[in-house]
Amino acid sequence: MQQKETVKPKRLDVFSREVMDELLIYDERTHLGHCLNWTAAAVWRACDGERTIADITRHLQAQVNPDIDEQTVRITLSKLKSAGLLLDENIPAEGETLSRREVMRRIGTITALALPVVTTMLMPTPARAASCFPPLHACNANTQCCSGRCGVNLLCL
Amino acid sequence: MEKLYRLVQADGFSFKSFGLTFGVRTNHPLAIDMIRAHLPPGSSVLKVQAVDRLYSFFLPNSARQVWARPFHLLYGNAQTLAKTHSDAELLEVFETDLNLHIATATERLFFIHAGVVAWKGKAIVIPGSSYTGKSTLVGEFLRQGATYYSDEFAVFDPRGYVHPFPKPLGIRMGADQKQTRVSPAQYGCAVGMKPIRLGLILFTRYLPSARWRPKVISPGKAALNLLQHSFSVRERPEAAFAFADKVTRRTRVLVGPRGEAKDLVRVVCQEADLEKG
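First to last, the sequence lines map onto chains V and F. Position 121, counted from 1, in the first sequence is what the numbering used here calls 125; the numbers after and before it change by one each time, with no gaps. Position 215, counted from 1, in the second sequence is what the numbering used here calls 813; the numbers after and before it change by one each time, with no gaps.
Be a bit skeptical, because a hint or two may be false.
Stated by the list, open to error - From the derived model, a few chain V residues whose C-beta atoms are all more than 10 Å from chain F:
1. 11
2. 41
3. 49
4. 134
5. 155
Claimed, not checked - Selected chain F positions facing chain V (Cβ under 10 Å, derived; list incomplete):
6. 691
7. 823
8. 836
9. 847
Just so you know, these hints were derived from the structure itself, not from any lab. Even for Gly, the Cβ is constructed at its ideal location relative to N, Cα and C.
Given the sequences, and given the hints that come with them, work out the whole structure.
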């Protein structure tokens with residue numbers, strides 16, 4: 005007899021904004037910006053800390069797409085966990101090292117368009133966003149360097 | 599600041615730029631015209647009691663100090679920004695710091711690090727970090743007849759229109775890739791004077807063996823890519839994300855490496871001409 009899974013994934017309480025069927029998320033602690041496609045966004049929204057993985061699957065089958073299976077949810081949770089968007093440390097790793105083809109094979113009937121996708125980018129500081137010198141370039145002010153630091157030897161760090 | 603008052607007391611002026619006020623003072627009255635030449639486009643000189651940021655220039659008096667090479671100094675408020683033997687370098691640091699402060703602090707407008715040209719009445723915005731070939735691409739668009747808006751900042755207003763910021767182009771030349779200021783007049787092109795609608799966003803970088811075969815990306819990914827070049831995303835994330843959403847939701851966004859600039863420019867201009875026609 006298998007033990008009943010009790011993990012109840014909970015999403016991070018962070019700023020988010022819907023952009024058509026995608027979701028943009030910004031984490032002020034890490035300055036990371038994320039873009040979730042509709043599959044990943046639906047799973048993330050369902051992670052309220054009250055639902056188990058099986059509950060999330062049933063919820064999404066009823067509300068979003070009846071073809072979503074638990075494997076899809078697990079792979080999505082793994083991606084969300086890697087992106088730092090879930091609080092629960094006990095979420096099992098699933099599919100993190102799988103190739104896209106293997107993920108598609110495991111997900112089964114879900115079309116390629118519905119594969120969960122989480123894109124993550126670091127949002128820049130003002131100095132990093134500006135025209136700046138790369139490391140080891142001559143400088144005489146911190147604002148000239150991409151790193152924001154002009155070393156004592158007048159080379160960008 | 600007390601020390602600064604003793605150092606720098608000759609002449610000065612205040613000006614407004616993109617809704618912010620700045621003060622400049624210097625110990626050398628002849629430097630005023632030189633400093634004014636490095637103000638952002640559209641700045642207006644006016645008298646104010648208090649400013650958002652104060653710049654203090656200390657230039658050595660060469661008639662009195664012939665036995666040494668004293669430093670040129672620049673302060674932003676009480677912070678030392680530059681210490682150099684060259685007034686050209688001092689002015690470059692001043693311009694960089696001033697532009698960075700405007701791009702970060704102004705609340706009504708959104709600044710993106712990008713080159714901007716106008717083609718058939720719409721803006722083509724080319725966001726990019728340093729050394730990605732942005733200015734080279736802008737220069738090639740100008741040779742083909744585009745109107746110059748900027749090679750440094752795409753300035754968006756709340757409607758999503760792009761405003762001109764036509765400072766001289768900074769083209770990297772030579773083995774050391776040092777930036778040379780090139781006036782738009784050298785390209786024989788028109789310079790933008792009014793805000794225009796956005797037509798296209800190009801995310802690209804030069805790779806010697808690449809061919810221009812761009813992909814269209816989703817609005818969400820386009821917004822995230824745009825914010826990677828924004829100056830105020832960490833300071834005002836909600837406003838920045840709202841702006842990026844608005845801009846990318848209804849604009850074509852292309853992503854991909856490019857080879858020679860003229861190949862990309864030819865394709866983009868032809869497609870824009872076909873759309874307009």
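Results of checking the hints against the structure:
1. 11: Consistent with the label, residue 11 of chain V stays out of reach of chain F, its closest Cβ about 28 Å off (over 10 Å).
2. 41: Violated, since 8 Å does not exceed 10 Å.
3. 49: Non-interface label stands for residue 49 of chain V: nearest chain F Cβ at 15 Å, farther than 10 Å.
4. 134: Not fine: 5 Å to the nearest Cβ puts residue 134 of chain V too close to chain F.
5. 155: 14 Å, holds
6. 691: 4 Å, holds
7. 823: Nearest chain V Cβ about 7 Å off; hint holds.
8. 836: 6 Å, holds
9. 847: 7 Å, holds
Hints 2, 4 from the earlier list are contradicted by this structure; the remaining hints agree with it.
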